[in-house]
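In order, the protein sequences belong to chains A and B. Heads up, the first sequence is in the numbering used here, so the first residue is 15 and it goes up one at a time. Heads up, the second sequence is in the numbering used here, so the first residue is 10 and it goes up one at a time.
Calculated from the structure, these hints are not laboratory results. It cannot be assumed that every hint is accurate.
From the derived model, a few chain A residues whose C-beta atoms are all more than 10 Å from chain B [what the hints assert, rightly or not]:
id, residue
1, LEU36
2, TRP41
3, ASP58
4, GLU64
5, GLU78
6, ARG81
7, ARG89
8, SER96
Here are a few chain B residues that face chain A, going by a calculated C-beta distance under 7 Å [claimed, not checked]:
id, residue
9, CYS109
10, ALA110
11, ASN115
12, GLN121
13, GLU126
14, HIS131
15, ASN138
16, ALA140
17, PRO142
18, ASP190
19, GLY192
Cβ coordinates follow ideal geometry from the N, Cα and C atoms, glycine included.
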Amino acid sequence: MERVRLATVWLGGCSGCHMSFLDLDEWLLDLAPRIELVYSPLADVKEYPEGVDVVLVEGAVANEENRQMAKVIRRRTKVVVSFGDCAVTGNVTAMRNPLGKSLEVLRTSYLLESAGTGLRLPDDREIVPVLLDKVEPLHAIVPVDHYLPGCPPSAARIKAVVEDLLAGHAPSRAAEVIRFG
Amino acid sequence: MAVVTLTIDDKPVSARAGESVLDAAKEAGIEIPTLCHLPGVSEAAACRLCLVQVEGRGRLQAACVTAAAEGMVVRTQTDTLREYRRMILELLFTEGNHVCAVCVANGNCELQTLAAELGMDHVRYPYLNPARPVDVTHKQYAIDHNRCILCTRCVRTCDEIEGAHTWDVAGRGTSSHVIADMGQPWGESVTCTSCGKCVQSCPTGALFRQGSTVAEMTKDREKLGDLVTARREKKWSV
């Protein structure tokens with residue numbers, strides 16, 4: 015049997031979804047021979063490869079690097095899954111949106127806090143990716159095929175979705191599987 | 010008592026004359042989703058989730074304010090209704106800041122539960138991310154306007170059950186918001202009796218007990234209906 019080329023990506027999120035993925039414990043050993051992990055924060059791969067079958071994308075699109083990565087993912091992947099509430103809704107990552115555009119957010123978060131300390135906003139664009147003015151869910155940037163909500167989605171929920179995708183059918187959208195939070 | 014017979018989802022149902030289609034359906038075991046409906050207080054027909062199709066009527070009808078009538082043929086589960094209900098929920102999610110993961114009502118929220126039940130696995134419309142305040146001036150309770158869906162259950166509960174009418178709605182359109190008295194901080198309200206019924210009535214995490222953290226705010230919404238029934242049937246002697 016041909017191995018499914020699986021990738022996982024970490025955009026603007028806390029990595030909690032990846033931690034939940036690791037909560038699959040010994041099932042990961044069952045999964046390993048059926049997939050090839052071609053890109054992931056859990057693997058040392060520098061560039062997102064061509065010809066990915068399935069990708070789980072954690073995190074919202076919060077900065078320019080996230081936005082470009084989202085487009086690369088979409089171009090090079092058959093099935094894109096929004097993995098967790100930040101990718102699906104913006105969630106905690108998007109809680110900065112009501113504060114205003116990126117500059118106001120940075121001022122609120124850092125300068126007011128550090129008044130008098132002489133600290134400056136990070137402005138080296140080569141090193142720090144530029145924040146987008148508005149944090150967006152993944153599907154606002156590129157088309158998404160399936161949604162796996164949860165903060166984080168439980169290991170059981172992740173397993174069910176990955177099993178369905180490996181078997182080649184659409185994941186369940188039952189109420190207990192798609193609840194936010 | 011006059012009784013009418015109608016058909017709901019191909020099932021013959023009898024109802025008291027004047028009873029709402031929503032109540033008639035519920036008694037027949039047919040669940041119609043609701044958010045602004047709360048047993049014990051009047052109907053607002055604000056949320057539109059209970060929209061149903063009635064044969065011979067061109068427009069969709071809100072089941073909570075449509076009287077059951079003889080020979081009426083009602084459909085509560087069609088593709089059109091399912092799509093509209095999902096759209097309504099998605100628009101509610103875009104209009105406020107509903108961050109379930111960090112909400113006091115996570116796991117005990119009617120909006121969150123309905124979204125899952127009605128198949129809302131993502132929101133297709135752009136989020137508005139409005140800047141909305143949180144008022145923690147009351148000694149026991151607090152209101153987080155980010156989570157408010159303007160169902161007006163608190164307004165009706167405070168007015169009709171407690172008789173205080175502390176809450177009301179100010180503003181128009183997307184700037185509509187719930188206010189205490191004439192718009193002062195809740196803690197400075199002179200009419201609020203601190204009874205907490207509004208907190209129990211709230212379907213989301215907008216009204217909560219101070220000190221509640223994520224997922225801690227459980228609510229006992231049925232108490233309010235029980236209270237009204239007990240008063241009507243004079244179950245308590247004073």
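Would you list, in rising numerical order, the hints stated earlier that this structure does not obey? As far as the earlier hints go, 8, 17, 18, 19 are violated by this structure, in ascending order.
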